[in-house]
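Protein sequence lines, in the order shown, are assigned to chains A and B. Count the first sequence with the numbering used here and you get residues 1 to 185, in order. Count the second sequence with the numbering used here and you get residues 1 to 162, in order.
Just so you know, not all the hints are guaranteed correct.
Coverage of chain B stretches by chain A, computed from C-beta distances (three or more under 8 Å per stretch; other residues unrestricted) [to be verified]:
| id | segment |
| --- | --- |
| 1 | 121 to 133 |
| 2 | 150 to 156 |
Chain A is faced by these chain B residues, among others (derived, beta-carbon under 8 Å) [said to hold, decoys possible]:
| id | residue |
| --- | --- |
| 3 | Leu-11 |
| 4 | Leu-95 |
| 5 | Val-104 |
| 6 | Leu-115 |
Note that these hints are calculated values from the structure, not bench results. Keep in mind it's a predicted model, so treat the numbers as computed, not measured. Here a beta-carbon is modelled for each residue, glycine too, at the ideal position from N, C-alpha and C.
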Amino acid sequence: MDFLLRMNYELIILFSLLVFLNLLVLLSLALLYLKIQKFQSGAKGIAGGDRRLKAKIAKDLEKKASDQLVGIINTYSQILDRETKKHFLAVADDALRQSRYLATFVQEQEKVIAKESQYLVATSVVKVQKELDEYRKAELAKINTQINSIISEVAKRVLSKTVDLSNHQELIMEALERAKADKLF
Amino acid sequence: MNQETSLISFLDDIITYGDLAARIDEVSELNRLLYLNDGKSFTARIADKISPGLFKIISSLEQAKQLPTTTSELEDFFLSLRSYLGKVPHVTLTLAFDPPESLVRLIADWFGKNLAAKTVLEIRVREEIIAGMIIEYNGKYKDYSKMGQLGEALRQVLSTNI
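The shape of chain B in the complex, shown without the other chains (with noise of 0.2 Å):
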């Protein structure tokens, strides 16, 4: 395994944007607790500072001996990926109520599915689009919302009869 395999490791369990931002913070701290000298590992002095989640990945980054051991190596480890979570792509999804978990997920692995990289999800709600969805990806934008098509049609009717 090698370390951009670690990398993405880091991103298992991340879906929203949200979720990215907590892990950047996340990272953050631990290279600040790699200085706190308190006589403890560094695996023991971060277990309960950490989310469950990165302490699993951290956790089983060091058992399979992919974690680097000295300091040093611990903090040019973290600063890669800080970088590296700066930079995963996310996509900007404007939806018309407040999606429950299931669908983000059902969303989240359809993309995982239709897109090569690890996409995360920036969700908006705007009620005034009705249903369906407005997509923002990469500097390009799609209105597959009902308003959108009320309005196209209606500025159709309206051009044709004024």
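Okay, chain A solo, but in the shape it has when bound (with noise of 0.2 Å):
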């Protein structure tokens, strides 16, 4: 986009100055006519002039005109080559200024590319760690309600019918005191 616009504001420049360039020879064409138009009123001037050497005044000048209207076109020749030459270097520039800075932007959006996936896959695995630990928890508490419940089933069925008032009485005063060791109060 930015090569595009250069390229549209070189070209602007160019054939501002080929416009110019055109003025020129306009302007220099109408002096010339003006030079001519006051050699002839000067040479009416000359009553009954040898009209040989006339005829010469008018091959000279015809002669002097033609070699200033060949030098300035040789002139806007050159300048336009040279202009042209200017521009389409300046073209030419650019155009490697921006494939060099296409390169550059590419190799920079491959890196953003790759750290991004790498960042991905990344959050991916802590992801799925976090899900297998959650899993593994739930999994743990869920055995250990069932321990629970198999033991306290198992005591009630079995256990309790042979503890007796005096075990625990004697297991509550041993809870007491190992309670005040473990310096719970």
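Each chain sits in its own coordinate frame; assemble them with the hints.
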């Protein structure tokens, strides 16, 4: 986009230069015409002058005008050549610069995409690990609950019938002493 | 005897959290009875309206001239008493069976001997703990039950074998 804008800008400058040179040529031709008119009016003043002299002067003048015109056209042509070359060189430079910029941009984008891909993979791995941990914890909690209920059921069926009041009392007082030793109070 | 000593005497016969809750309710009732205008003295008015234990404490305080005499002073006293009773610490004990009173007294005596402050017992029953006791006190929890011990042993066996 930037490249196209720059090309348009260069073309406008070139077109303006051509218009300016055309105006310069027209101005030169107008000046030449005025010079011829002045000479012709001067020549009219020479009454009964020699026709041959007149013809020679006219021929010289014509040659001089032709030389001047050729000179102007040559100059114009040289300027045009130079400006055209300059313009195309600028355009070529610009194209090269844009090409390099694009190459660098593509490389950078490739790096960014690679980094983003790595990040996405890492994030997915972390997420999966977290889910696995949560699943593991939930399953362990379930196993714990099952263990407690199995123990409780077995105890109710078997052990509670074998523990009498004196055993209970002994275990309770023992628990109080252990709590005291554990600095619970 | 200062007011704090008077307030502590209201805990003499309190052992469980249920006893304490009932005592707080009775003190609220005492406040209501203060303004009952039946021509009787305060102690005569409350005699058949509160538990014998509380009546005995109030009577002994009155005899020792430790109980305020005017209605407004009594109101302040009972308000302070209610607030004091509400702040008494308690310990939650989970047992495998409903303990007989003798065992509850034994436990209460143990706390009386081993803890500086009066502590009331909140007793819960969970058969599945098998035997022993779970104790919760001041935000701390300790499982000294047989279920806890068995569970711990089983978890250790499983963790070494899985």
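So, going through the hints one by one against the coordinates:
Given a C-beta distance limit of less than 8 Å, the hint that chain A covers the segment 121 to 133 of chain B holds, as 6 residues qualify and 3 suffice. Three residues within the 8 Å Cβ limit are the bar, and the segment 150 to 156 of chain B against chain A gives 4, so the coverage statement holds. Against a cut-off of 8 Å between C-beta atoms, the interface hint on Leu-11/B is violated, since the closest Cβ of chain A lies about 18 Å away. A distance limit of 8 Å between C-beta atoms decides the matter here; for Leu-95/B the minimum to chain A is near 7 Å, and the interface restraint holds.
With its C-beta approaching chain A no nearer than about 10 Å, Val-104/B sits outside the 8 Å limit, and its interface hint is violated. Look at Leu-115/B: its Cβ gets to within about 6 Å of chain A, closer than 8 Å, so that hint holds up.
Checked against the numbered hints listed earlier, the structure breaks hints 3, 5; every other hint is satisfied.
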